[in-house]
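Asks: Okay, here's what each chain looks like letter by letter:
2 protein chains.
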Amino acid sequence: MAEFPFHIRATDGDARTGRLSTPRGEIATPAFMPVGTAGTVKAMFLDDVRFAGTDIILGNTYHLMLRPTAERVQKLGGLHRFMGWSHPILTDSGGFQVFSLSELRKMKEEGVEFKSHIDGSMHFLSPERSIEIQSDLLGSDIAMQLDECVANPCEHTPAASAMRLSARWGERSKAYFGKRDTQALFGIVQGSTYPDLRKESAQRVVETGFDGYAIGGLAVGEGHDAMCDTISLTTPHLPKDRPRYLMGVGKPIDIVEAVARGVDMFDCVLPTRSGRHGQAWTWDGPINLKNAKFADDDAPIDQGSNCPASRDYSKAYLNHLFKAGEYLAPMLLSWHNIAFFQSMMAQMRLAISERRFEAWRSEMRGRWVRSADQPG
Amino acid sequence: MAEFPFHIRATDGDARTGRLSTPRGEIATPAFMPVGTAGTVKAMFLDDVRFAGTDIILGNTYHLMLRPTAERVQKLGGLHRFMGWSHPILTDSGGFQVFSLSELRKMKEEGVEFKSHIDGSMHFLSPERSIEIQSDLLGSDIAMQLDECVANPCEHTPAASAMRLSARWGERSKAYFGKRDTQALFGIVQGSTYPDLRKESAQRVVETGFDGYAIGGLAVGEGHDAMCDTISLTTPHLPKDRPRYLMGVGKPIDIVEAVARGVDMFDCVLPTRSGRHGQAWTWDGPINLKNAKFADDDAPIDQGSNCPASRDYSKAYLNHLFKAGEYLAPMLLSWHNIAFFQSMMAQMRLAISERRFEAWRSEMRGRWVRSADQPG
Chain H
1 MAEFPFHIRA
11 TDGDARTGRL
21 STPRGEIATP
31 AFMPVGTAGT
41 VKAMFLDDVR
51 FAGTDIILGN
61 TYHLMLRPTA
71 ERVQKLGGLH
81 RFMGWSHPIL
91 TDSGGFQVFS
101 LSELRKMKEE
111 GVEFKSHIDG
121 SMHFLSPERS
131 IEIQSDLLGS
141 DIAMQLDECV
151 ANPCEHTPAA
161 SAMRLSARWG
171 ERSKAYFGKR
181 DTQALFGIVQ
191 GSTYPDLRKE
201 SAQRVVETGF
211 DGYAIGGLAV
221 GEGHDAMCDT
231 ISLTTPHLPK
241 DRPRYLMGVG
251 KPIDIVEAVA
261 RGVDMFDCVL
271 PTRSGRHGQA
281 WTWDGPINLK
291 NAKFADDDAP
301 IDQGSNCPAS
311 RDYSKAYLNH
321 LFKAGEYLAP
331 MLLSWHNIAF
341 FQSMMAQMRL
351 AISERRFEAW
361 RSEMRGRWVR
371 SADQPG
Chain C
1 MAEFPFHIRA
11 TDGDARTGRL
21 STPRGEIATP
31 AFMPVGTAGT
41 VKAMFLDDVR
51 FAGTDIILGN
61 TYHLMLRPTA
71 ERVQKLGGLH
81 RFMGWSHPIL
91 TDSGGFQVFS
101 LSELRKMKEE
111 GVEFKSHIDG
121 SMHFLSPERS
131 IEIQSDLLGS
141 DIAMQLDECV
151 ANPCEHTPAA
161 SAMRLSARWG
171 ERSKAYFGKR
181 DTQALFGIVQ
191 GSTYPDLRKE
201 SAQRVVETGF
211 DGYAIGGLAV
221 GEGHDAMCDT
231 ISLTTPHLPK
241 DRPRYLMGVG
251 KPIDIVEAVA
261 RGVDMFDCVL
271 PTRSGRHGQA
281 WTWDGPINLK
291 NAKFADDDAP
301 IDQGSNCPAS
311 RDYSKAYLNH
321 LFKAGEYLAP
331 MLLSWHNIAF
341 FQSMMAQMRL
351 AISERRFEAW
361 RSEMRGRWVR
371 SADQPG
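In the order they appear, the protein sequences are chains H and C.
Here the numbering used here is used: the first residue of the first sequence is 1, the next is one more, and so on.
Here the numbering used here is used: the first residue of the second sequence is 1, the next is one more, and so on.
Where hints are given, some of them may not hold.
As the list makes no split between identical chains, a pair holds if one copy fits it or if it spans any two.
[Unchecked claim] Calculated lysine-lysine pairs in the DSSO-like style (CA-CA distance at most 27 angstroms, straight line):
{"hint": "1", "residue 1": "LYS315", "residue 2": "LYS290"}
{"hint": "2", "residue 1": "LYS75", "residue 2": "LYS290"}
{"hint": "3", "residue 1": "LYS199", "residue 2": "LYS315"}
{"hint": "4", "residue 1": "LYS75", "residue 2": "LYS315"}
{"hint": "5", "residue 1": "LYS108", "residue 2": "LYS323"}
Keep in mind the hints are simulated off the structure, nothing from the lab.
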């Protein structure tokens, strides 16, 4: 495996803050990774993503392998050069989107066959092919093993079966990945919300041995409390000295609660997706700028922010832009939300290093708890 | 009328370069005004519009009076504050959009009644109401008189009738505008492509007396050559010491030929609109980034540009973004096109002041003439 030193600077309860060093730069943890699905963080310039406090972004293998294709990205110099981002990139394995977006999939021990949602063409993804795409062709800094994802709630038997297939795929992913100096590979713990399955999965994944450990299969229907419980019963089985990544999460309250349970990395489309739909995340919970009550509101979303999108445009102007269907509306609100999420991560890192995370968390819970089970 | 000193620094043939001074800043001429229809230059941040070399933008009275309404913009501090642009803004009168976008219009001597294309509501625009909206409510720096627009070709009789109504509306616009210290009013010459009507129109508008003189009713079907001829026979009737503005024009070749005929100001949706549709304007004419031949083209649109959108992204990446329907595609190409248009204006200003405009124009004609009658 690679050398990706992970230094934990401070802990507060189970929460930790530190940094993961990669050849393309340091990642301050807990870290939020904006999602750059198809080689772009939707409706944003990457300079603004970076200057909002982003150390690492996520790319989606499924989307990129279908369009423009991984081979074309490689020919154009790899994903970093293609999209113009010189900092770390984590790619997912493609598995989750195969299960959520594609049609006509066929699961086999060997891998998964699926039909592109773009043009109906047939494709095959195996653990080996996923690593080939991520590490050899796209050239991401952190690759994820292929896994089988199930939606919650899920019966014990299919959850166990998907978890064990994922464990075998993890071994094959690692075998194909081999030893690389400048790239890392993370394994994924599955097992739905079942304590015995999560424990078995964590033990098998740790035994295989990865540069970092992801908790997969959450934020897919189980609800906030079950998600928190599942994190709590999983992290004790993961090594303390390697980064833990909660995949596809989430709302601010979800992220805060996961940090409290020892998670170091997150990714989610929420800030950009909800921004495109008019929702702004704030220290007082989410607001929807399409709401008519903002039509005459001359105040910006956050006067105290250092982000131009949060500070320099009135809610009335944003309301107008959304009503008029203007591009600038999603541009500004995606930017605001990414800046907000990164401010939240920065506040958590500081609160943990000053050992006052519990007070910070409890203040935010008070502000946000009503939004915990609202749809993103 | 207002004090908007216009200083001509140099001339070369009929072409002139200089600056129009306004309370909100200087406008280097010949000037291109990007169009900010509904309070936003589509798909762009105004900082990028400004840093591309923009001194003044255009706002559309028709769109803003319907949404968010001129009264609301006034309540929110005026158009500059509403949209976050502290430099000069010229507003059109609303007339052109009433004729091109609205339904069920009813022309009277008093003004024009029309039905909103947004919600079907009925509205009335008179010369007085247009100035009230532009100067009193939106607070633009330069207002345009209301005029009646006809499409070309147009018979002599209706063209004469529309031109004379426009002349009477010009007098009423000026009477309502009165004397203002910090705002200017431009009159508009009409008359389709008829020399006698253009001459009569110019004489009447000059007699009424405005801070600047626009040539309206062109780029509406007459073609490049008839447009050039009409400009040539109009400018001799306009005062040399006041700015001349060719409304709604145009393609690079149109702008260059109009500058050669003594025009100082331009506006057009072309750079942003064609950018949203994949077309990039370059020193070698337009290219369409959606074209499959760019899918593997690793070169940027313009290696030699100082605009990040032109220089830092490969054509292959832009091709991918358009195929994937990503927001970043129109964002980057609108930016590139605005930067290209402003570079072209800067080159013309320099060429005129160095008295080598004719050579520059003839080189550009050679490069662009094939694109002169292509649809924008």
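Asks: Compare the structure with each hint and give your call.
Replies: Here's how the hints hold up against the structure:
In this assembly of identical chains, the alpha carbons of LYS315 and LYS290 lie at most 27 angstroms apart only when taken from the same copy (9 angstroms versus 35 angstroms across copies). In this assembly of identical chains, LYS75 and LYS290 lie within 27 angstroms of each other by CA distance solely across copies; the values are 19 angstroms between and 43 angstroms within a copy. Proximity of LYS199 and LYS315 under a CA criterion of 27 angstroms is satisfied in neither setting, with 47 angstroms inside one chain copy and 49 angstroms between copies. In this assembly of identical chains, LYS75 and LYS315 lie within 27 angstroms of each other by CA distance solely across copies; the values are 14 angstroms between and 44 angstroms within a copy.
Taking identical chains as interchangeable, the C-alpha atoms of LYS108 and LYS323 are never at most 27 angstroms apart, the minima being 48 angstroms within one chain and 32 angstroms between chains.
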